[in-house]
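Peer 1: What follows is each chain in one-letter form.
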Amino acid sequence: MIFHDAPISQAELSEQQLEVRSSWPTGAEVNFDESVQFHRELDSSLNMAAALTAADAQGAVLVQPRAGVALLSEHIRLLTYLQDHCDLLPTTIDAYTRQNRYQEAEKGIARSEESGHSLLNGFPAVNHGVAACRSVVEALSKPVQIRHGTPDARLLAEITLAAGFTSFEGGGISYNIPYTKDVPLQRSLRNWQYVDRLVGLYEAAGVRINREPFGPLSGTLVPPCISHAVAVIEGLLALQQGVRSITLGYGQAGSYVQDVAAMHALRELGHEYFTEAGFTDYELTTVFHQWMGGFPESEARAFGVIAWGAAVAAMGRATKVIVKTPHEAMGIPTMEANRQGLEATRQVINMLSDQPPLDAPEVQAEADRIKSEVRAVMTRVAELGSGSLLDGTVRAFEAGVIDVPFAPSRHNRGKLLPVRDLNGAVRIYEPGNVPVPPEVMEYHRACIAERAKHEDRPPCFQMVIDDIYAVSKGNLVGRPK
Amino acid sequence: MRPCVIVLGVIGSDCHAVGNKILEAFFSDRGFTVVNLGVMVSQDEFIDAAIETGASAVLVSSLYGHGEIDCAGFRDRCIERGIGDIVLYVGGNLVIGKREPAEIQQLYHSMGFDRVFGPDADLDSVAEFLAADCAAKAVPAR
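Residue numbers (the numbering used here), protein chains in the order written: chain A, 1 to 481; chain C, 1001 to 1142.
To be clear, the hints were calculated from the coordinates, so they are not data collected in a lab. Mixed in with the good hints, there may be bad ones.
Straight-line C-alpha distance at most 20 Å; calculated EDC-like pairs for lysine to aspartate or glutamate [stated by the list, open to error]:
(1) A:Lys-181 to C:Asp-1048
(2) C:Lys-1098 to A:Glu-74
(3) C:Lys-1137 to A:Glu-398
(4) A:Lys-107 to A:Glu-138
(5) A:Lys-481 to C:Asp-1029
(6) A:Lys-107 to C:Glu-1068
(7) A:Lys-481 to C:Asp-1122
(8) A:Lys-181 to C:Glu-1080
(9) C:Lys-1098 to A:Glu-272
(10) A:Lys-181 to C:Asp-1122
(11) A:Lys-473 to C:Asp-1044
(12) A:Lys-473 to C:Asp-1124
(13) A:Lys-371 to A:Glu-272
So that you can see chain A by itself, here it is in the shape it has in the complex (with noise of 0.2 Å):
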């Protein structure tokens, strides 16, 4: 399949940058020339794109938090205490920030100096501007990514790169499907075409900056080709813009034969439709995200969540793994439960560094059983897009080709129903207007058809509710009272 969405223009590019840099006073800091420099500067190990090519030749599993907090000095403050006990940093975008609210981002900031604690679930880069994300940079000694759930990441993005941050997370499905109520997806597609436009500009100039395109989406029972296929989609979007460092994510769904399988299927996935696509210069590595659902409330059980998580990341060969804590459960944690998180991932990854991948018959069924599924929305994609991958996912989405459980977007259909299976495995009961091949479609009824008859009730929406809570309550399957 061949899509032929283009570049956008150096011209269409450069009048939206003066829109988009004017509309916050920080925005007029951004100098690209400059940046370039200060990056070609920077020392090559805080470089994002270059640890991830390099641990993933080695088959190591790297280890990265999620944090950030109000106020400059304090985010300093949290990376610099937590970068010892990870080999990637992130800064962690506030959530008015990543619906571009940055007066009440302000306000936050204000509220957070005077009660001498952070009152925003983040790190307002944006009103911060360019010099201070920079000394955010420079005072770390390992890589940083931007990590948030923007569907409008333009002026973010121009200040971030500008500040020498390598590493950029998001897309124009994943950041807005599970992130937004009423943002048009063609509107949040194009505003990504831009970001990765800009990432593409710097790769021009020899300067590589990592993309990564938000894997879990909603976090709750989400089946691998859905993400899968959106994985897919922001990785060729990307491509096309000139990115080319791409880190394909994955949210752990709890079933370790599917999550193994998932991870392998991803990396398969990516390379066969990005080489047929006709990219042969990318670089591609993968990301495993601990447990996305709900977390038990007591920090011993949470533990438990955060390690199985981690040996899955290493069993499923992860590039990288994100990890949880144990305050999940409640929030935004502590820097030492942070720590803690990281440091019980670590213990796992370590233990399992020198044993090999899971390699079974089931794992390599379940694998060939997703990558159908994928093939069959991307054919559908295809079509619907006459040559345009991003008409052709505006469409798939419009007519739930392409659907994701639980997300809060109008814009997603929801008529897709996952429950678990008996052994614990995200299976689809309802697909609504995804295209499940017939075969694997009969393979999941009867999977579901299985486990029904073990707890003696149909298959409903209490099974679905019951899964969801499942984890916090201390198993996998939410089984009947």
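Please arrange chain C on chain A, whose structure you already have, making use of the hints.
Peer 2: Relative to chain A, chain C alone:
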């Protein structure tokens, strides 16, 4: 008896949708008439919906940590808009960092919320409180 109308939503820039969908299903099942505004709802949107539907209660969720900013002055705003005696509940991960439940309760009571729930709240007992609180407010003042 007429079913009790409740307005449900996730406040501020918060996009946590899963629990919201489950609450809608749960309270509907328990016989409440649920007006679900979904995620990313402002104070005024909650209040508009409460006025338009003659709701007895507003149930505010916040999961992402900005609740302290988003919920400030909620009761005062209800008073300004003429529904000062409406039942106000709040629940979720209501502050940033680990703080004592009693401290969080006090913080939100001081903003005018009648009841404050953590992320592990038992929904059956919430439904019982809600039915009782709505019935109490329905008795005309003497």
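Peer 1: For every hint, state whether the structure bears it out.
Peer 2: Hints, verified against the model:
Between Lys-181 of chain A and Asp-1048 of chain C the CA atoms are separated by roughly 18 Å; this keeps the pair inside 20 Å, and the hint holds. About 17 Å separates the Cα atoms of Lys-1098 of chain C and Glu-74 of chain A, which keeps this hinted pair within 20 Å; it holds. For a cut-off of 20 Å, the pair hint linking Lys-1137 of chain C to Glu-398 of chain A is broken: about 44 Å separates their Cα positions. Restraint check for Lys-107 of chain A and Glu-138 of chain A: the C-alpha separation of about 27 Å exceeds 20 Å, so the hint is violated.
Restraint check: the Cα-Cα separation between Lys-481 of chain A and Asp-1029 of chain C comes to about 18 Å, which is no more than 20 Å; the hinted pair holds. For the proposed pair Lys-107 of chain A and Glu-1068 of chain C, the alpha carbon gap of about 12 Å is at most 20 Å, so the pair holds. With a CA separation close to 15 Å, the supplied pair Lys-481 of chain A and Asp-1122 of chain C stays within the 20 Å bound. At roughly 28 Å between alpha-carbon atoms, Lys-181 of chain A and Glu-1080 of chain C are farther apart than 20 Å, so this suggested pair is violated.
Among the hinted pairs, Lys-1098 of chain C with Glu-272 of chain A is inconsistent with the structure: their alpha-carbon atoms are about 45 Å apart, more than 20 Å. As the CA atoms of Lys-181 of chain A and Asp-1122 of chain C are separated by approximately 28 Å, the hinted pair breaks the 20 Å bound. At most 20 Å may separate the alpha-carbon atoms for a hinted pair to count; Lys-473 of chain A and Asp-1044 of chain C exceed this at roughly 35 Å. Proposed proximity of Lys-473 of chain A and Asp-1124 of chain C is supported: the alpha carbons are some 16 Å apart, at most 20 Å.
Proposed proximity of Lys-371 of chain A and Glu-272 of chain A is supported: the alpha carbons are some 10 Å apart, at most 20 Å.
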